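Sequence lines, in order, name chains A and B.
Residues in the first sequence are numbered consecutively from 1, following my numbering.
Residues in the second sequence are numbered consecutively from 1, following my numbering.
Among the hints, erroneous ones may be present.
[What the hints assert, rightly or not] Think about it this way: if two alpha-carbon atoms lie no more than 20 Å apart in a straight line, the pair counts; the simulated SDA-like pairs of lysine to any residue are:
hint, chain 1, residue 1, chain 2, residue 2
1, A, 484, B, 129
2, A, 456, B, 86
3, A, 366, A, 115
4, A, 417, B, 130
5, A, 417, B, 100
6, A, 406, A, 277
7, A, 487, B, 99
8, A, 487, B, 130
9, A, 85, A, 59
10, A, 484, B, 100
11, B, 127, A, 456
[Unchecked claim] Just so you have them, the derived chain A footprint on chain B, three or more residues with Cβ under 8 Å:
hint, region
12, 46–55
13, 133–141
Hints in this document: simulated from the structure, not taken from any laboratory.
Computed from a predicted model, the values in this text were never measured in an experiment.
Ideal Cβ placement from N, Cα and C applies to all residues, glycine included.
This is what each chain is made of:
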Amino acid sequence: MSTLKQLASKFLGHDSVFARRTAGGIQPPPFKEHSLRSRIMSTPIPPQLTIPIGPESSGEITRLVDIADQVLKYQKLAVISFSAKGRSDVPVHAPTSGVITSIENSIVADHSQQQQLCINLTVDGHDEALLLKPHTNHSQLSSADLVALIRDAGVIGMGGAGFPTADKLSAYSVLPIEFLIINAAECEPYISADEALLRERANRVVLGAEILKRACAAQRCIIAIEDTKPDAIAAIKQALLNEASNQQCCELVIVPSKYPAGSEKQLIQCATGIEIATGQHPTEHGIIMHNVGTAYAAYEAIIEGKPCISRFTTLCGQALKTPKNFEVLIGTAVGFLFELCGIEANKKQKSIVGGSLMGSELGNDKAATCKTTNCLIAASSNELQAPKAERACIRCGYCADACPSKLLPQQLFAFSKTLDTTQLLEHGILDCIECGACDYVCPSQLPLVSTYKESKKLIETRRQSLEYSDYWQQRFQFRQYRVKKEKDQALSRKLDAPLQSMQAAERAPKNKNNEADFISKEQASRDIAAAVARVKARRNEKNK
Amino acid sequence: MLPLISHWLTQLVIGASLLLLTASVLGKITRYLTQQLTAQKSLVNRINRALPQTQCGQCGHPGCLPYARSISLGEASNKCPPGGQETILALAELLNEPVRGLDPAHGQFRDFSVAVIREGECIGCTKCIQACPVDAILGGPKLMHTVITSECTGCDLCVEPCPVDCIDMINHLAPAISHTTPPYSDLRSSLGANT
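Chain A extracted, bound-state conformation (with noise of 0.2 Å):
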């Protein structure tokens, strides 16, 4: 295999690396010509920006401004702590400079929409920025200096999960690390930002990417491809060759396009031949995978000094008359970016947020992007249908063939519906990756990943209540043993009643032998009789 691999290597260059098969997979029409036929844009700056920090519930919540004040561009607002669950901080900074109107949750265009704290910030135009300190020559940085760099940078994962990537990259100093992947598969529907960006900018990626495998102590670094971008391959391709004086610095593989190829588990798989198992972190694989735009970010936060205030983002669908790429500042309005594409308001039915097949609904179009959203459709009447009714399944098993996971679909909605956690346990549904591969196929229209949902939902709340129930019962027990002791102790203090009024007794003829007590005793019934004396006193002169 290896001798194979050599002569590869020799006749094919940089494609050395062989793509594995892996299971499963659909190939739904792509839909990315539209937002490809132009280049990645700037916007205009907005004149309203709503900065997300992150959910309050997720971790604590440091304001570094106050309300009313003048912050200037690559100003660090505030910062997020996810010390509780071991993460570090994630700084946010300002996109622009203004003046901040107010800080209050509002919604947020991501996968979760959760609620998030957002900073407002009025745009007054001068975009007047802090100096930046570039490190042109980022070898001469250690991987620690380098991971610091980055996360003060406040870089998190670009692809969508929003995983600090500092957190991510110093892993090594626990586990070695073998392979950087760089994910720019990208095989959802819709979304181009990748393939944009490394169509146009593959050199400073490829730079990035460098510059994570050198933060990370990789040994190898992988740029990962499907094959139907052939602009963006050509373009690597030409990057890897300028910077072919830097010996191996990065490999790129090109793996078969299907739907979900870019899913980490699959494209490791696909890139390494590795298979990574329920419960496994791939790092204990040695291997850690970043998403292209962080490559970017990362090489922005060291070669350019800057922090990451921004990020590519795709804007697509039938309602808009000019779909593009964006490089969005964040906390733009995602109604502001329609506008830019000129979005045909009577047309559009509804925003998603995401691409089309794992993406969620956008209830309101005020909602602001955030360091994690890839792409916004604006969807017409006649595209992104909701599912029409479910009928019954057939047991066509179209499902299991599309599984990337391997797993059977038809078998957990089965058990889903009788609400059996132990066969949805024994099944495997924690190895869902809800990437809606089933639900494509199904020619019965079940909602298959929404049920799969409900019932991880289902398997944590009994989770959560055999934990509570523990706990309840532990408390009970408790009380029980406290209830009884102090029975106990009750009991003995009773029987030892009479022995204690005798002890009593024989400690008393001493106490008269003390003087001093004696004599307190003679002066009370002293006082006693004076008191009583003058009480008769007083009723002797009343009555008179």
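Mind docking chain B on chain A? Use the hints.
Same frame as chain A, now just chain B:
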């Protein structure tokens, strides 16, 4: 023959073998009895684990464990209102019985709620403190009492003894317990009541 039996060595051998036989029989009986006992105990434990442990006594027993013991001896398993349909299903599966509805004589299922004392009205009689099965109420004689929300099982037992009716049961999404969650590997064994 007789002289042989009467020989002291033979007597010793016979006596020893008899002793061994008795010992082994006794051992087997003890082992059987212990097994039965542990089976009963483990059944009680498993039933107890399926019960919600609110210790509310609505089933007519003073706590969940006594009810579990009683179920293992044949009592109906549909007398636990706080557990609701979930508990009934789990118990039916465990005991291999048909699923029945909740016995309305013992109360209705309701969403998880916790006791909240209207503190301005509390006279400090300590009656609720004595009633609480999990020591979730804090206070002293003639001093204001309060419920520690994170410890409350929502059993209702404090509502009845309050002489001034200052305790409300308030709907609460979920109890907040601040100890670490067990890893998922324990889940498989702990969730399946019958495995």
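Do the hints match the structure? See the list:
no.: 1; hint: A:484 to B:129; verdict: 16 Å, holds
no.: 2; hint: A:456 to B:86; verdict: 16 Å, holds
no.: 3; hint: A:366 to A:115; verdict: 13 Å, holds
no.: 4; hint: A:417 to B:130; verdict: 43 Å, violated
no.: 5; hint: A:417 to B:100; verdict: 19 Å, holds
no.: 6; hint: A:406 to A:277; verdict: 12 Å, holds
no.: 7; hint: A:487 to B:99; verdict: 42 Å, violated
no.: 8; hint: A:487 to B:130; verdict: 13 Å, holds
no.: 9; hint: A:85 to A:59; verdict: 8 Å, holds
no.: 10; hint: A:484 to B:100; verdict: 37 Å, violated
no.: 11; hint: B:127 to A:456; verdict: 42 Å, violated
no.: 12; hint: 46–55; verdict: holds (count 7)
no.: 13; hint: 133–141; verdict: holds (count 4)
Checked against the numbered hints above, the structure breaks hints 4, 7, 10, 11 and satisfies the rest.
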